[in-house]
Every structure is written in C-alpha cells, then in structure tokens.
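Asks: Residues per chain, in single letters:
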Amino acid sequence: MSTLIRNLRIEADDYVSLADDAPLPTSGKLIVSHARWLAEREALLASGLSIGIKLPNTVDVATVLPEIAERPLIELDFPSFPDGRAYSQARLLAERFQFKGELRATGKAVVRDQFQFLLRCGFNSFELRDGQDPAACLAAVHEFSVPYQQAADHAEPVFLRRRGNAA
Amino acid sequence: MYQYDEYDQKLVDERVAQFRDQTRRFLAGELPDDEYRMLRLRNGLYVQRFAPMLRIAIPYGLLASKQLRMLGHIARTYDKGYGHLTTRQNLQFNWPTLESVPDILADLATVQMHAIQTSGNCIRNVTSDHLAGVAADELVDPRPYCEIARQWATLHPEFNWLPRKFKIAMSSSTTDRAATRVHDIGVHIIRNEAGELGYTIYVGGGLGRTPIIGVKIRDFLPEADLLSYCEAVLRVYNRLGRRDNIYKARIKILVKETGPAKFAEMVEAEWAQIKDSYLKLTQADLDRVKKHFSSPAYAADAANDTSYAQQLAANGSFAAWTRRNLKAHRVPGYSAVFASLKAKGVAPGDIDAAQLDAVADLADRYSFGEVRVTHTQNLVFADVQQKDLYPLWQALAGIGLATPNIGLLTDVICCPGLDFCSLSNASSIAVAEEIFERFENLDDQHDIGEMKLNMSGCMNGCGHHSVGHIGILGVDKKGEEWYQITLGGSSSNDASLGDRTGPSVSRADIANAVQNLIETYLDVRMSEDESFLACYRRVGMVPFKTRLYAKVEAEA
Numbered sequence: 001m002s003t004l005i006r007n008l009r010i011e012a013d014d015y016v017s018l019a020d021d022a023p024l025p026t027s028g029k030l031i032v033s034h035a036r037w038l039a040e041r042e043a044l045l046a047s048g049l050s051i052g053i054k055l056p057n058t059v060d061v062a063t064v065l066p067e068i069a070e071r072p073l074i075e076l077d078f079p080s081f082p083d084g085r086a087y088s089q090a091r092l093l094a095e096r097f098q099f100k101g102e103l104r105a106t107g108k109a110v111v112r113d114q115f116q117f118l119l120r121c122g123f124n125s126f127e128l129r130d131g132q133d134p135a136a137c138l139a140a141v142h143e144f145s146v147p148y149q150q151a152a153d154h155a156e157p158v159f160l161r162r163r164g165n166a167a
Numbered sequence: 001m002y003q004y005d006e007y008d009q010k011l012v013d014e015r016v017a018q019f020r021d022q023t024r025r026f027l028a029g030e031l032p033d034d035e036y037r038m039l040r041l042r043n044g045l046y047v048q049r050f051a052p053m054l055r056i057a058i059p060y061g062l063l064a065s066k067q068l069r070m071l072g073h074i075a076r077t078y079d080k081g082y083g084h085l086t087t088r089q090n091l092q093f094n095w096p097t098l099e100s101v102p103d104i105l106a107d108l109a110t111v112q113m114h115a116i117q118t119s120g121n122c123i124r125n126v127t128s129d130h131l132a133g134v135a136a137d138e139l140v141d142p143r144p145y146c147e148i149a150r151q152w153a154t155l156h157p158e159f160n161w162l163p164r165k166f167k168i169a170m171s172s173s174t175t176d177r178a179a180t181r182v183h184d185i186g187v188h189i190i191r192n193e194a195g196e197l198g199y200t201i202y203v204g205g206g207l208g209r210t211p212i213i214g215v216k217i218r219d220f221l222p223e224a225d226l227l228s229y230c231e232a233v234l235r236v237y238n239r240l241g242r243r244d245n246i247y248k249a250r251i252k253i254l255v256k257e258t259g260p261a262k263f264a265e266m267v268e269a270e271w272a273q274i275k276d277s278y279l280k281l282t283q284a285d286l287d288r289v290k291k292h293f294s295s296p297a298y299a300a301d302a303a304n305d306t307s308y309a310q311q312l313a314a315n316g317s318f319a320a321w322t323r324r325n326l327k328a329h330r331v332p333g334y335s336a337v338f339a340s341l342k343a344k345g346v347a348p349g350d351i352d353a354a355q356l357d358a359v360a361d362l363a364d365r366y367s368f369g370e371v372r373v374t375h376t377q378n379l380v381f382a383d384v385q386q387k388d389l390y391p392l393w394q395a396l397a398g399i400g401l402a403t404p405n406i407g408l409l410t411d412v413i414c415c416p417g418l419d420f421c422s423l424s425n426a427s428s429i430a431v432a433e434e435i436f437e438r439f440e441n442l443d444d445q446h447d448i449g450e451m452k453l454n455m456s457g458c459m460n461g462c463g464h465h466s467v468g469h470i471g472i473l474g475v476d477k478k479g480e481e482w483y484q485i486t487l488g489g490s491s492s493n494d495a496s497l498g499d500r501t502g503p504s505v506s507r508a509d510i511a512n513a514v515q516n517l518i519e520t521y522l523d524v525r526m527s528e529d530e531s532f533l534a535c536y537r538r539v540g541m542v543p544f545k546t547r548l549y550a551k552v553e554a555e556a
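Those sequence lines, one after another, are chains A and B. Per our numbering, the very first residue in the first sequence carries number 1; after that it's consecutive. Per our numbering, the very first residue in the second sequence carries number 1; after that it's consecutive.
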C-alpha cells in the first residue's frame, strides 16, 4: 500500500478506489473512474456516499467541470514519469476554477523529484509511488525557495518580491 | 549584461544542490537509470558515445570575461582542455566524468552560470541576435525580453515535462540573425503603426526530422503580454501535443495537424483567460531588466581615429580580415568583430582553454569585458573601437581565431557528428575539414561569396542542414556513411527549407559534390552580385543536379 501525503502530512488514505465492475459498497469514501461517474451518476449520487473522481490526463477539465466541480476529491493521473499533462489540469482546477476539494496526484511521477512542481501546480494530496520515502518528499517542498513564477501554491514569486523591494 | 540578484543566485545554487543529491542517489542505486536520465538531461547532462557531455547555458549567447575564464578553468580541470560552441549559442564539454558534474555546476554558479534546461523535454535556452544592442538595423535590444522569458521559463512548474523540447528565439532587426522562423516560438519585436512596442509571434518552426518554417499566429502582441501569450501557447501544447510518437511530439506537428488557424484560435482562447493576470509585465518589470542592458560608455571621439585607415592601407591581410569579419555598429567609430572558430584543422566551434582565457583578456581590453556566441558557432566582440581593430586582429591571429572567412564557404555550421554524438549516423567534422582544405584559398572563397554550408550528422539537424544554402545530412546505409544534399535553404527573413538534390553521395565523394555545386554556381550566376542562394532560386535544381551526379557515385 502506498503512502498518502495530504496537506503536507502523512495520513491514512480514507478513500478506496473502486474498480469499474466492482459493486457499490454501502459505506465508505470512494474514488470512481470518470467513465463510471458518467455512466452511473444518478445511482452514485443516490448512494449518499462520499465519491471522488479519477480523471484521465487527456480530459479537458474546462469541458467536464460542471460534472466534477462539486466532488470532494479529484484524482489526476501521471501514467508515466515524463507525462506532464496533469500539471496543466491541476493548475486550471486549482487556479482558474478554484476547486476547493482534495486534488490528488497519482501515478509514476508522484516522487520526490517532481514533488515541489506538483505542489506548486495545486495538488494538495499525493499518493506516492511505491518505494518513495515520504520524509524525503516532504523535504523536497523546500528544494527551491524562490520561484520565478506565481502558481497555485501562492509562494511569493521573485518578480513580486522585486516589485516590493523597489517600492 | 544581466547581473544576478540574490534570488537568481539562490535558485542556481539550489539547483546545484538538488542535482548533486540526484547524482548521489543514482550512483548509490537509489534512483532508477531511466529516471536519472530524464533528470540529468534537464540539467544538460547527456551520456554520449564515449563519455558524458555537459551542455552549459549561455543565455542569448552573452558571456562576460570572468565567465569565459571559468569555462577555461573547467575545460582544463574537468575536461580534455577544450569546449564546443553549439548552434544554440551554448557551450558543450565532451569529456567530463559524471561524478564531477556537480562540482562543475558549483563552479559555474560562482559566475552566474548553469546548465538548467539545456536539454530534456522542457523550455530550452532562449536564443537571440548575436548583434543585439549594436546592430545598425535594430529596432530595440531583444536581450531584456530574452532575459524576462528566461526567468519565466526556468523551473516553470507546469512546463518542465512537455511532450518534447521547446525552443524560443527573439529578434528585433530587419535581418533575422536568430533563425526565429525555425523555432517553436519565434518572437519579432516590432512597433505597430501607433508606435507602440510589441511582438509578432510565429509558432511551429523547427528543424530535425520534419523541418518546418514557423507560421505567424499573431501580427501584434502588446509589449506587456509576452509571458501570458507564451504561457497560453505552452499550455495548449502541453495538453494536446502528441506523446505517442517522439517524432511527432514537437509543437510543429500539433500546429500542422491542427491547422495554424485553429491552433491560433485555441491559443487566443487560452490567452484571453490569462492576459490580465499577474503575467502582465509592468513598466517597472521591463525597466528593471532593460537597465541591465544599457549602452556601455562609448568613446565620443572613436571615429576621429586615423590609425585604422593607415593600417588598412599598409596591411593587406588585415584589410582582408576587416572586409569579412567586421559588421557595422550603430555607433560611429565602433565595429562588431567576429572571431572565427572555423580554422584549418579544428572542429567547427571548438575552443580550447588557452583561447578562452585569451578571449577573456581581449574582451576586457577591447570590448567592455563581453563577447557573444553566434548560432553559426563563432564569437563576436560587439563593441570595438576602430583604433583597437588592428591590435585585436593581431592578438586573434596569434591564437588562431582570425581566419577571415565569416559568411564564406568554410564558415560551416557543423554538429559534433559521429565523433562524439551517440545519435549520429555519419562524420561531420571530418567532412568539414576536407571541405575546408579544398576551399582554403581565400580568393576563391571571396569569389564564391556569401555562402551558408550547414552540415548535420543525422536528421535531428543540430547542424541546421535544412536551412543551409547547401545542406549536408549524414545518413547510414548498411553501416556506411552517405550524405544527402539539399540546396536553397535559408534561416533568414526569407526563410526556406532546402530541396533535396536526389540520391545521397558517398563519403569519398562528398567534397567533390560540393565542388561540383560551386562550379555550377560560378558558371550560371548572372554576376558576382548574385549569391549562391539567389542564383539557385532563379535557375532551380536542374543545372546543379545535372553536374552533381555526372561526376560522383550516388546511391538511391
């Protein structure tokens, strides 16, 4: 079982990922695929369970936003180490669409060497890839202390500091 | 030039520490090979045919004398005593050990240098005009805009894992010396009819396997909107660029498959969402960076010097060099001086530690302590008074950097080829050398006139063969080295891709083939004023092709 870091703390994962053909349990918190959500939306809503959605990284989040905006959790996928599409999805959800729920990163890029970038793009929850040292991931948050860009983590970027210094 | 403040320095220092730790974990077996490969590439470190290769960023080609000396120190201490200047205005060391790279990076950081994003599928070094700030035909200095873009692109959290590499070039002159139309984003800094500064934006240009000339997607973008527009382009590309096939992953394929109009529409839609965000540049942001590039203290009486005219009259070799290796400067009495790295017996673009040190001293003495790297793999002393031209020429001649061949046939652009690169199919350096020897006679070269001969050892096109007036591409045929020839390419304002002559020619015949092409040109040109490129565009392929294949062995 992989480690979950949420809000920069190691936490037990209270969500269960439900396979598309698995029966709906009667209790608990679930993550279902986007496809299942689309197919069984009424039944899933009627269950009264807390249900998050896992989006493929090929989905345009602006298009699907009305279907997912109210979910407590959105999981974005990194199917391989160098596939960075979900970085853009995360920034749009966190910054443009102000998604306030749990924004979870999962997959092969959820490692210490990409951890600070993930955090900066708006993820607040990280299902670490197997074998990752959670302490090292948390330490990586401080690898770069002065970002050039403003992003979803609200770290004060260099250009704002310079504007402040000049004032 | 731009000077780091505490923030710039801290970021570079932190990158050194991060890379040192990544390398330590790799050597300890804690980081998988494949992941370390992708991480080290983002810091310019390749593992090549014989040894690692470290590519060091030279932002928009600008180097200070203390940086040159540091490069000399690194060449001596960690390499075999020399480096190689690339077509992207960077410098590569071909022989460092992997274990020493963190120390090299730490040394570089002490002179405000790094290797960040000189490789890997991320935003690469922003390149520009090597005559920026001094060219007579320049509207404004493009370097402040390059520096602003450099900072935005550096460790951008969203765009560090793109489908493929991404290159930005900027130019602000009537002659495009930065090959902007063969970049992923080409930026032309212009004024609109109302006199406001801004940019014309081109996207989707590129060389390599599928060479394409970039298309214009915006006529005029206001000066404040550079970063938001780039961010919009990158976001569309990061989302939709192909990741299923490395050969179709560059933005040029997305633009082509989407259609330029539709692509522009997507960029505009994304841009509309972010153009009024924090990405909008303030006048203070622009001014802060622009003041780093203010003019040096030019001597008001530089043009009054009379010694230059005397030396020109007295010394034919000096006069020949000035005709070829000087470019006009916007300030009277000053010139931009090219130091040629295309000398006999030296691989194009190679420079050794002693030359790096000597160039640093000459820069301090004659050119305000700075030099520029050109995308044609030469160096430029941009601000030389005419009274100093003669001693500078003498000093350059003493270190082998005064070959008077800038813009001529032997000023070839050339990748490292089979001698170093693990991607290459064929030698390029040895062919360049053979061509050099054959056309060494300068009178002949002057007669041939303006010529861009570009050569790549494989279709990745690091030697820009597709935009050479004559392009040569090394190909592998059953283990043998063969060469495809193209004619009529250009990376200037009239950008075009070369046309293939036909079957490739053998290693033994490639120099003959070039000679046949040159002889054809000399026969069919209308006058000495008609360049090879203009001549080819007028007469077309047939006369060249006929003569080329009449005399050499070719294979389909």
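Derived by calculation from the structure, the hints in this document are not laboratory data. Remember, predicted model here, so these are calculated numbers, not experimental data. One should not assume that every hint holds.
Unchecked claim - Residues from chain A shown here face chain B by an in silico Cβ test under 8 Å; the list is partial: (1) Glu40; (2) Arg41; (3) Glu42; (4) Glu143; (5) Phe144; (6) Gln150; (7) Ala151.
The beta carbon of each residue, even a glycine, is placed where N, CA and C say it ideally should be.
Asks: Going by Cβ atoms only, is Glu42/A closer than 8 Å to chain B?
Replies: 30 Å, violated
Asks: Can the hint on Ala151/A be confirmed by a CB-to-CB distance to chain B that is less than 8 Å?
Replies: Result: holds, 5 Å to nearest chain B Cβ.
Asks: Given Glu143/A as an interface hint, is the shortest Cβ-Cβ distance to chain B below 8 Å?
Replies: 5 Å, holds
Asks: Would the hint on Phe144/A stand, with a C-beta cut-off of 8 Å toward chain B?
Replies: 5 Å, holds
Asks: So, as I understand it, the hint says Gln150/A touches chain B; can you test that by seeing if any CB pair is closer than 8 Å?
Replies: At about 5 Å, which falls below the 8 Å cut-off, the nearest Cβ of chain B leaves the hint on Gln150/A intact, so it holds.
Asks: Does the closest beta carbon of chain B sit nearer than 8 Å to the beta carbon of Glu40/A?
Replies: With a minimum Cβ separation of about 27 Å from chain B (threshold 8 Å), the hint on Glu40/A is violated.
Asks: Should the hint that Arg41/A touches chain B count as held when the rule is a Cβ pair under 8 Å?
Replies: Violated, about 25 Å.
Checked against the numbered hints above, the structure violates hints 1, 2 and 3; every other hint is satisfied.
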